[in-house]
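Those protein sequences? They're chains D and E, same order as listed. Position 572 (the first sequence) corresponds to 572 in my numbering; numbering is contiguous. Every position in the second sequence, counted from 1, becomes a number in my numbering once 1000 is added.
Don't read these hints as lab results, they were simulated from the structure. Heads up, some of the hints might be wrong.
Reference listing, derived: stretches of chain D covered by chain E, where coverage requires no fewer than 3 residues with Cβ under 8 Å from a Cβ of chain E [claimed, not checked]:
| # | stretch |
| --- | --- |
| 1 | 72-85 |
| 2 | 266-276 |
| 3 | 344-352 |
| 4 | 399-409 |
| 5 | 424-438 |
| 6 | 642-651 |
Residues on chain E that point at chain D, a partial pick, calculated with CB under 8 Å [said to hold, decoys possible]:
| # | residue |
| --- | --- |
| 7 | Leu1091 |
| 8 | Ala1103 |
| 9 | Tyr1138 |
We put the beta carbon where it would ideally sit given N, CA and C, even for glycine.
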Amino acid sequence: MTAATTQRGFTRRGVLIATGWTAAGLTVAYLVGRKFFPIFPSTTDPDANAGAAWLQVRPDGRIAMLCPVHELGQGSSIALAQIAAEELGVAVADIDVKLPNTAEIPAMRFTTGSQSIATHARPMARAAAALREALRHRAARQLGVAPAALTDGVAGFTVADGRTVAYRDLVRGTPVVLDGAALPDAPLYTFDSEREHRQVGRSATPLQARDIVTGRPVFAADVRLPGMAYGRAVQAPLAGARIVEVDDAAARASPGVIAVVVDRERGFAGVVAETPGALAGALELLKVRWDRPAPFTQADLDRAVDVDVALARGKLERRIVDDELRAEGPWDIDLRLDLPVLHHAAQEPRSAVARFTGNGEREIVEVWAGSQDSFVNQKKAAAELGWPAERVILHTMRVGGAFGGRAIYDVVREAVLLARAAARPVKVEWSRRDEFFGDRNRPPSSHRVRIKVDAQGRITDWWHAVVSGHVLLSELLAPPWLLPALRLAMADFGATRGIQSHYAAARRRIEFSDVELPIHVGQWRSLGATPNNCAIECAVDELARKLGRDPVEFRLANLAPANARLAACLTKVRELCEARPRPAQPGFGRGYACGIYHDHSYVAAAFDVLVDRQRKQIKVLRAVCAQDVGLVINPDQVRAQIEGNVMHAIGQVLMERAPVADGSMAARRFRDYPTPTLADAPEIEVALIGDTSNAPSGAGETALITAVPALANALRDAIGLRAARLPVPSADFPEPAI
Amino acid sequence: MKLHVNGSERELPDPWADESLLVALREPLGLVGTKFGCGDGDCGTCVVHIDGQPRRSCLLQASDAVGRRIVTIEGLASADGRLHPLQQAWLDERVAQCGYCQAGQIMQAAALLASNPDPDAEAIAAQMSGNLCRCGTYDRVRRAIGRAAAMLRAGPGASG
């Protein structure tokens, strides 16, 4: 294991140039056979005119929308439909929303970072408004009046003399086609904060809600095709691991087996069988030995990221902020916080169905899969086959929970390779064991926060040192052969998300090292923002206590300038909390935290807890959250996201830690990795505040960055326990003082 | 081999008789509303009713269910298409996020309401805490069960 704590500086760039890749921007590639095809994750935001491809008016006057974002349960699909409905003067129910395939829509950005609404709201509104105005002109011609004489009606227009014309009367025979190169500018009702909105800012029934409660097929594994077989590959223990040895004799002889596929060059070994049961039986018999990693222990992981070990060797690799700190005087707070490896533990196992049809140059493969990036899966599957991308059609399916874990090319690869080998349609559905063992985990991180204040309690000196495993500098961005160079060339900008604190300080040092670990790593809801903000908010909370200051007032007094929106969130949370008097009960605790996610989303949270020290039981009573994400398209969906983040915070503070045993990651079933249940769910109170004339910003992960530290701070308040590591099992609670 | 599912007899083709009940329902019979979550009985995503009891279909063999009445999420609504009060309450409370665990949650809750028309918070927690939801919809699950229970107590014809 490499503890990347040495000074590398310019040599990193040198390595990257030597390999033929420059560090200007981010250059990535995907390795296929011996050829290099650069295949980027779909990071491109839709441009102002992109929405032209997303909407059409059908002959019956209904609006059809190709959803330009992946639906993971975050509800962005319905929010975008609400925007279209607002512009077009129709009900959301009058819009038929379809999750598109890659042949139907020119491009989709990967659905990550809570950016769906922030990046798509305006293009959607522009397209819908342009469509509305095109219809108005057509209506004006039909009625022989000026377009300005037509006022908006319901799914149509009205004239002062009482005549009306419906969209369906305008599209018979001649479809309305928008010019995607240059949409005409039209008034955008969605963003007119003076206007009374009919759709935006209200609740709406989410996409596929009725299908879900009645059991209709919506997920990839729900797809059934004639002649379909069942396949699955053996999960590698580490990205880029190579196969050393395969014993497949017993698997080949297992009943119901159609094909055993071993491709050493690709590091791939899998089975296709007639039924899922036959498949599971054969996979038990397929023995694969990998070249890495060497066996490791929990202590190895802890040591690899140990921030004090790294600091003892000198500076960390990157000084992100490097002011000269005041040497004199002790640190008023000096707090260490270590965070563990987390699994995604999404409820839906990764699934994909692949079917090849046609011959020769006309052969295509259709793939049904739920992911956070349909187009990168399409392109990588095409590269795998040596085909142009158009010969792979990827049908975007609903995802059964992503949390950052579904952005890469994994299960689609299995389905394509196995379906080709078996010459049958193949469904791949990972086992729960695969889901844990093959999970691209949140890496562990270790933090030290040191703060000095002046006589008035104003923060003067700030030092945050972080060591983390990789987050974005993973197979998401580059193939295994390129990763070492990338990791030398730049700091992992996923792990550093949120590392700049929202507090003012005259002098700051923020330093960071990323280290290579012998485990799968990747993207996990909010990336580094939750670990980083957790350390910051626990340290500031502890400092306020030490100074005898009210934790909210101390934060407000020390926020960096221009943080009025954050201050308003904090003030609102305090108001909601204090609406109920603190019970005098022993063991009661209340903790606060605040933060800014991705520069534009403001949030504060608080938790009330009750700790029974005798029984070592903790009850999370209440969670309160105030969030300002600008214009909220669907408040109920934003609330739902906050509720989910509250539950994730309870998991992170009280339960979740990926176990290591027998030299490797050890979780194989849900029982090995406990997550919150209904019995753990507190009362949740949410306030969505702020000026709706501000552009919408991300809401899917925002609350998590404050919910985790707020709950940790509540435990501190309740029983004096300042957690040095998460989770804090109740067995660790200190005995009562008396 | 025949299975009695959602009020009708369904023939299970030969290669499927040795599969789990969950696989038999989903693949040959096409009742994909019941989901695979773990195969270990840990998560409750695959709950169906067998003779009125909530059971984890991933832990049963298809042959275990021969001669017994199986009800899946597809069979919960009335024959005329009217939703079960729980399904309606689920829509009213907008419970689902990703939706994957929800059929299991609803089937587990339906068994609860069949035996306890007015469950308190503790009864709900006791019955439902074996059904995992990673999206964290638990608060809404609780509310939807309360709403559906009220609808059921108000009797047929009453709407939520």
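Unsatisfied constraints (hint numbers, rising): Going through the list in order, the structure violates no hint and respects every one.
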